[in-house]
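Asker: Using the sequences and the accompanying hints, generate a full structural model.
As given, the protein sequences belong to chains Z and V, one line each in that order.
The first sequence begins at 169 in the working numbering and counts up one residue at a time.
The second sequence begins at 197 in the working numbering and counts up one residue at a time.
Careful, some of the hints might be misleading.
Among the chain V residues that face chain Z by a calculated CB cut under 10 Å, a handful are [said to hold, decoys possible]: (1) 210; (2) 278; (3) 285.
What the hints contain is simulated information worked out from the structure, not anything from laboratory work.
Built from N, CA and C at the ideal position, the CB exists for glycine as well.
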Amino acid sequence: MIALDELLRRLRGLDRRELIQWVENRWVLPEQSGNTWLFHEVDVARVELIQEIRHEFAVDDEALPIVLDLLDQVYGLRRQLRRLCDALAAQPEEVQQAIRSALPPSR
Amino acid sequence: MATETPYEILGVKPNASSDEIRKAYRKLAKQLHPDLNPGKPEAEARFKAVSAAYDLLSDAEKRARYDRGEIDETGAERPRYSYRPHAEGAEGWRYQPQGEMDLSDLEDLFAAFGSAGGGRGGRRGGEGFRARGIDRTFTMTVDLVDAAKGDKKRLSLSPEEWLDVTIPAGIEDGQVLRLRGKGGPGFGGGEPGDALIEVHVAPHAVFSRDGNDIRMELPVSLAEAVLGARVSVPTVTGPVTMSIPKGSDTGTVLRLRGKGIQRRADPGDQYVTLNVVIGYPGDPELAEFIEKWAPTHPSDQRRGMPPL
Numbered sequence: 169m170i171a172l173d174e175l176l177r178r179l180r181g182l183d184r185r186e187l188i189q190w191v192e193n194r195w196v197l198p199e200q201s202g203n204t205w206l207f208h209e210v211d212v213a214r215v216e217l218i219q220e221i222r223h224e225f226a227v228d229d230e231a232l233p234i235v236l237d238l239l240d241q242v243y244g245l246r247r248q249l250r251r252l253c254d255a256l257a258a259q260p261e262e263v264q265q266a267i268r269s270a271l272p273p274s275r
Numbered sequence: 197m198a199t200e201t202p203y204e205i206l207g208v209k210p211n212a213s214s215d216e217i218r219k220a221y222r223k224l225a226k227q228l229h230p231d232l233n234p235g236k237p238e239a240e241a242r243f244k245a246v247s248a249a250y251d252l253l254s255d256a257e258k259r260a261r262y263d264r265g266e267i268d269e270t271g272a273e274r275p276r277y278s279y280r281p282h283a284e285g286a287e288g289w290r291y292q293p294q295g296e297m298d299l300s301d302l303e304d305l306f307a308a309f310g311s312a313g314g315g316r317g318g319r320r321g322g323e324g325f326r327a328r329g330i331d332r333t334f335t336m337t338v339d340l341v342d343a344a345k346g347d348k349k350r351l352s353l354s355p356e357e358w359l360d361v362t363i364p365a366g367i368e369d370g371q372v373l374r375l376r377g378k379g380g381p382g383f384g385g386g387e388p389g390d391a392l393i394e395v396h397v398a399p400h401a402v403f404s405r406d407g408n409d410i411r412m413e414l415p416v417s418l419a420e421a422v423l424g425a426r427v428s429v430p431t432v433t434g435p436v437t438m439s440i441p442k443g444s445d446t447g448t449v450l451r452l453r454g455k456g457i458q459r460r461a462d463p464g465d466q467y468v469t470l471n472v473v474i475g476y477p478g479d480p481e482l483a484e485f486i487e488k489w490a491p492t493h494p495s496d497q498r499r500g501m502p503p504l
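Answerer: Below is the structure:
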């Protein structure tokens with residue numbers, strides 16, 4: 169976990185006001201600790217993601233929340249799917265076999 | 197602890213000019229040079245760090261790449277970050293959409309897998325895992341006549357697969373029929389699941405349902421109403437002949453016993469409400485007759501209306 173200043177130091181080329189705006193837009197959700205923000209690894213990676221989408225892919229502030237929302241949905245689904253796969257992997261081989269044979273072809 | 201940036205090592209600002217960087221380096225190099233600090237390993241380590249920092253920042257191209265984040269403080273290519281392992285990692289839940297996909301969605305998914313997840317029929321033990329097959333659900337629509345008298349229907353699931361469904365007489369709209377053993381196959385020798393068929397009853401142009409009875413409105417001519425007649429009337433079991441008594445009127449209700457919902461034990465009835473249609477409203481002979489007839493037959497058809 170790192171504070172705002174350390175994050176700005178680490179991700180050079182990131183504008184302080186811009187980063188604060190992103191947090192205020194709730195695009196990034198650092199942990200609130202007293203008067204400071206603490207950025208977890210996932211937050212840091214997300215800031216880098218936003219930086220990339222925003223500047224390198226030239227997605228503007230209007231479209232960015234939509235992109236983030238869709239990404240969050242995809243990752244949310246992937247997390248749930250992973251849980252399901254873990255649950256299936258814990259089943260006896262016979263059950264796994266039955267599920268595999270019941271899966272329709274994906275095309 | 198955070199690693200120092202080359203700017204911090206040299207004690208200059210990130211926007212320092214190359215001149216400032218060179219001056220800062222020279223000053224530190226003089227202080228820390230190993231020949232001037234014999235037997236002080238920390239000074240030697242510091243000197244190496246300062247040299248490396250100066251090496252990076254004195255090269256305009258390297259400095260620019262560092263500023264853009266393409267290389268790290270050692271000059272090594274910085275690994276491309278990836279958000280994905282974080283999003284899918286232990287902390288990724290913090291950015292998961294709230295209320296859109298949660299545990300209950302997953303439980304719905306399991307419900308779609310039927311009771312194989314550990315409900316009735318599921319059994320785990322020394323002899324292996326057995327589970328009942330899943331239930332499959334279908335919908336079909338029948339018309340009111342078929343619903344009233346019962347029917348056999350074939351529900352096609354695919355060109356090669358179908359279910360023969362017996363529609364019981366009097367089935368209600370939305371009623372679910374269960375065909376035992378027609379669902380998915382069981383696991384590990386477990387019994388198959390059931391097919392659940394939700395039956396919808398389509399509204400009918402002539403008949404409507406009233407409990408176990410059928411109702412309909414029958415148009416009749418003026419002559420049939422006044423003089424009586426025998427007319428053909430449709431019922432759910434086919435047309436029948438019905439007597440219209442002499443002197444009937446619009447709103448007269450006639451009953452056809454046993455022609456309603458065809459329940460085996462106690463079938464319902466069909467109620468026919470007559471609707472008298474003049475047929476020739478502009479006919480001069482009719483008008484001539486009514487002109488003579490009406491003065492001696494005063495009537496106020498609206499006297500029963502509630503006052504407004």
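Asker: For every hint, state whether the structure bears it out.
Answerer: How the hints compare with the structure:
1. 210: With a minimum Cβ separation of about 8 Å from chain Z (threshold 10 Å), the hint on residue 210 (chain V) holds.
2. 278: 7 Å, holds
3. 285: 7 Å, holds
The structure fails none of the hints (numbered hints given earlier).
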